[in-house]
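Those protein sequences? They're chains A and B, same order as listed. Reminder that position 85 of the first sequence reads as 85 in this note's numbering, one-by-one numbering, no gaps. Reminder that position 460 of the second sequence reads as 1135 in this note's numbering, one-by-one numbering, no gaps.
Just so you know, the hints here were simulated from the structure itself, not pulled from any lab data. Even glycine gets a Cβ: it sits at the ideal position worked out from N, Cα and C. Some clues are possibly wrong.
Distance ranges between label pairs, derived from CB positions [as the list claims (entries may be wrong)]:
id: 1; chain 1: A; residue 1: Val-180; chain 2: B; residue 2: Ala-1127; range: 31 to 41 Å
id: 2; chain 1: A; residue 1: Gly-201; chain 2: B; residue 2: Leu-1106; range: 29 to 39 Å
id: 3; chain 1: A; residue 1: Val-506; chain 2: B; residue 2: Val-736; range: 48 to 58 Å
id: 4; chain 1: B; residue 1: Ala-1127; chain 2: A; residue 2: Ala-34; range: 34 to 44 Å
If you only want the chain A side, here are some residues facing chain B, beta carbon under 7 Å, derived [as the list claims (entries may be wrong)]:
id: 5; residue: Gln-70
id: 6; residue: Ala-74
id: 7; residue: Ile-76
id: 8; residue: Ala-653
id: 9; residue: Ala-657
id: 10; residue: Trp-659
id: 11; residue: Met-660
id: 12; residue: Ala-667
id: 13; residue: Val-668
id: 14; residue: Ile-672
Distance condition first, Cα-Cα at most 25 Å in a straight line; then the derived SDA-like pairs of lysine to any residue [said to hold, decoys possible]:
id: 15; chain 1: A; residue 1: Lys-639; chain 2: B; residue 2: Ser-983
id: 16; chain 1: A; residue 1: Lys-32; chain 2: A; residue 2: Val-18
id: 17; chain 1: A; residue 1: Lys-177; chain 2: A; residue 2: Gly-42
id: 18; chain 1: A; residue 1: Lys-639; chain 2: B; residue 2: Lys-709
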Amino acid sequence: MQASPSNLLVLIPLLPLVGAILNGVLGRRFLKPAAVHTIACGAMAGAALLSWAVFFQLVGMEPEGRALSQEVFAWIRIGSFHADYALWVDPLSAVMCLIITNIGFLIHLYSVGYMQGDPSYYRFFAYLNLFVFAMLNLVMGDNLLVMFFGWEGVGLCSYLLIGFWFSEEANAVAGKKAFVTNRVGDFGFALGTMLLFAALGTVGFQEINHQLAGAAPPSKGLLEAAALLLFLGACGKSAQIPLYVWLPDAMAGPTPVSALIHAATMVTAGVYMIARLNGLYFHAELASQVVLWIGAATALFAATIGLVQNDIKKVLAYSTVSQLGFMFVAMGAGAYATGMFHLMTHAFFKACLFLGSGSVIMAMHHEQDMRYYGGLRKFMPWTYRTFLVATLAIAGVPFFAGFFSKDEILLWALGSERGHAGAWLLASAAALCTAFYMFRILHMTFWGEYRGLPPERLHAHGHDDHGGGGHGGDGGHGHGGGAFVPKESPWTVTVPLVVLAALSAVGGFLGLPAGLLGHHANLLEGWYEPIFAHSHVSLQHAFHNPGAEAGLMALSVAVAAAGIALSFYLYRTRPALPGELAKRFAVPYRVLLQKYSVDEAYEAGIIRPILVGSREVLWKVVDVVAIDGLVNLVGGGLKALGRGLGRLQTGDAQVYAMWMTGGLTVAVLVTIAIL
Amino acid sequence: MTPNDLDLRWGLMVPELLVLLAGVLVLLVDTTVKAPDQDRRGIQTGISTLACLAAAGYTAVVLGSTSGTRTGFGELFVVDGLAVWFKSVVLLSAALASLMSERWLRNHRLTSGGFIALLLFSTAGMLYMVSAADLVMLFLGLEIMSIPLYVLAASERRNARAVEAGLKYLVLGSLATGFLLFGISLLYGFTGLMGQPSTCIADVVAAVLRSAPDVPALAVGGGILLFVGMVFKVGAVPFHMWTPDVYEGSPMSITAFMSVAVKATAFAAILRVFGGSGVLEALRLHDLLFALCALTMVVGNVAALAQSSVKRMLAWSSVAHAGYILLGVLAGTQDGLAAVLFYSLGYAAMNIAAFGVLVHLSEKGHEVERLDQLRGIATRVPLQAAILAVSMLSLMGMPPLVGFWGKLYIFRAVVFADFPGHIAIAVLGVLMSAVSAYYYLRVVVVSYMSDATAPAPAHRPSFGNGLATATAAALTVLIGLAPGAFLALARDSAESLRASSAAVAPAVDASTATAVAVSPQPPRR
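Make the full structure from the sequences, and use the hints.
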């Protein structure tokens, strides 16, 4: 595809970078909180407006040539290896830019209320802006290296923000866990990049997809390996089995961070990467199968854990892992546009859910255990309404955003040439669980009777709350022991909620089912058409009729309804039943509550052996004896030689002159002699 | 010769004239401006910095905007991509060195007129040398550059070590100049034998190439002498012995200036005479250069290991870096020549940053020299310590700083070059680069991981030096982040070398002793 040049593009990531530098350098001493958030939100607003400008410029172009590019500067050019700092915006990255900058702006706005009074206010906004800068590099980069720069950048910012309240050890540990787990994935990403360069001689996305468009490539084995390694990177960043373990712990960070980084944007990087490299994954059929099955397994696995968690953010975290699994199912089935569709709707409703949970957590004095909630509907009407809409969207209730995207994924999981009934079954089961645990949150949090915090928890939270001092409060919610009444959050919190809820309600209409309403109904698919044109995976023949699609749709509505009905039965009709069930099925319940003990298994099976092996063998034997011995030997020898050379340096000018003349004489004699 | 033949294209010489004029102005300030020494120093360093920057701007923007080779002044003076690149490097270094000098002058209560003026005159000499199209012009430039430096090295008149440095530099420098002059005269004789006595570089090159492969011993001897005279300024082993003593005795800002600008100039001259045209091979200098490279890298790095003085360590390290850069000349390919240009710029940035920090930490009678004086500076002056660490890591060749890319380009060019032993010497270079990690990292370790022993000296930081250090550090990082852009520029600049040697080629084939054109200009003389 031929792109038109544009000088606007670099400004989109540049604005957040400038904001981050300003707040990071000047924030501590010179800027008042009002100035800090004005800079940060202003930078985001600017980036968002520019993204819209770029988007509309794209809309105005011919579909075949719909791309803008900017070569900002020549970055690395060594021999045939070219990787410039170049940006590329086409329909795919334009949508990502819109999601990142617009949802990013809303979350910045939300943070103004949420982080109020935090002593490190400037640091928070500096990191948040820096994150957006890195994320924009990730999606706008024209080659794998720029993407990798963004990839590592978002990882760093994620680490910094998870451990934002680092004075509490658990937060710092969670940050470290996220970072180390991602290292594993990033290693795969780097190796995959190198393999791809070895196979195709380029790291540019356009060249890669161009080379792979059309006939099957020669070095298929290398490509499969590269695709698998890159997917390992995606497993790390997008929290899939086996590297998902960091994401639930990442909820230690401030809630806006969970919404922006760990729900709406960063964790979708792996999905975006596959979409960007669709040419590669189209040919790598084995890797695509792996993607499909890992995605399906993760979707169900995480959803089952979500069934029994009591921490509201933990439920949402597992829900995110599960929903990301859905997106990978789409990617594995070759339905790239559908995966991107779900990525977008998920960004809407999950951001809304996280921000809603943050609003609740603020009102509940930083208590995250839902068992102390209940009946909050009457205290926080706006939070409730928006949360409800987003829940309907994620549960797959017809005509809300998640319904269309999830339905389409299920269709492709079963009906695609690369689909499989097993994967479809796993995903459908996950959808059932999703509807159940999301309504369980509604029951435990907003409906029923207000249970309230026991005084000792209230007190405990009042003080060691993130070690950050009196943050999050406008002083309104009852310090000092007495009964307090939860109250609605300020407008900076509720306005983003309302906007996101609205998007969750109507966002699905961008991708109406093409099978039922005709090809033109699915706006998004048409929009992505030029990107995925050469990577077309078809539906199996049986699924080409509208009947099959309608049937599947009815089935998934039934699944959602069943989940919802079950939640009503368990939490409304027979409120005592969940406890009884937990007792009767104690073992499975324990397993779920303990999250299948995966962390413990990793600790015993991987981390311990590595630690012990490193200490007992690598350190005490290999390092101390072999490496140190060799290094000291060589170093000692060289140092002695150096002292010897120093002795030649007598300080005597005559001696120096003698060396010069001697050197010259030898040079002349030898050169003339060999003539 | 009529004035018309002289072809006085003053526009080409604006940077030189600006710098010379600034030198005169600086001297006038001493006699005309009635103000405290403090203010006069400010005015003089200001004039010098601005003049150098203006000249650099003119060079880069006006002269650099049109590609191709332009000559003037009776074919003595040439402005091409090579000249533009190295003039920019030299002028930038001179501007930063002037900024750094203010503090040293203040500490030693010296009037700055003479000091700054000499710095500027030396810079002018460098500019002429870079633009020399004729060996006599090259010699004149070399002397205009060197003589002020002999004086500057001994600026601290009451310090025996400084005087010793100046005197040694003078004596050994004169010896090397003698070699150079002798070499030029031999080459003049050689061109005479070939039917057209000339000292014009292009004529000499053409004559040598014409007589290849049986170049007479007269030319070979002349070539070696000329070459040795130039590598003396670079500090290649065994013509390096003056470097540690002179660098140690000179004021810090002058040491920085010498290690960066003098070297860049000498490399420009080496490239101008020996680069890219095959002269090196025709004169059988290739093996000599091979040996020099190996010796220089080994001796420079190994000797630096054993130093306890930071300044002396940096002196030896500059010898080592000269070895790396010479590798690019040795490769002789387009990549190699471009790498020489890139490395010269990068080395200027990182070395000036390192010296800037040392200047910042120094006081009168308390000059930071020994390594243990850097103990714990990370807590005392965190920003300066960070800059020192960045410059050390860059000198060591740590990605993504500029030093890494410089080394990568050089070693890569050698690996892909085609001469016997190219892999071996590239491996040697990489190994020696690993050795250098020891002494560079030691600086970082001492400044970050040991406790301060001496109390923080109370002094007023110098704005000029701070600015110079920050600029150099910023360049170290920024060029490291966008190396491709600078390498592309270096490649284009080195192109002029190719173009001029290509212009020589037809004349060689014609094997006539008539005009040999370096440029589109009509034949001369």
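Which of the listed hints are not met by the structure?
-> 5, 17 and 18
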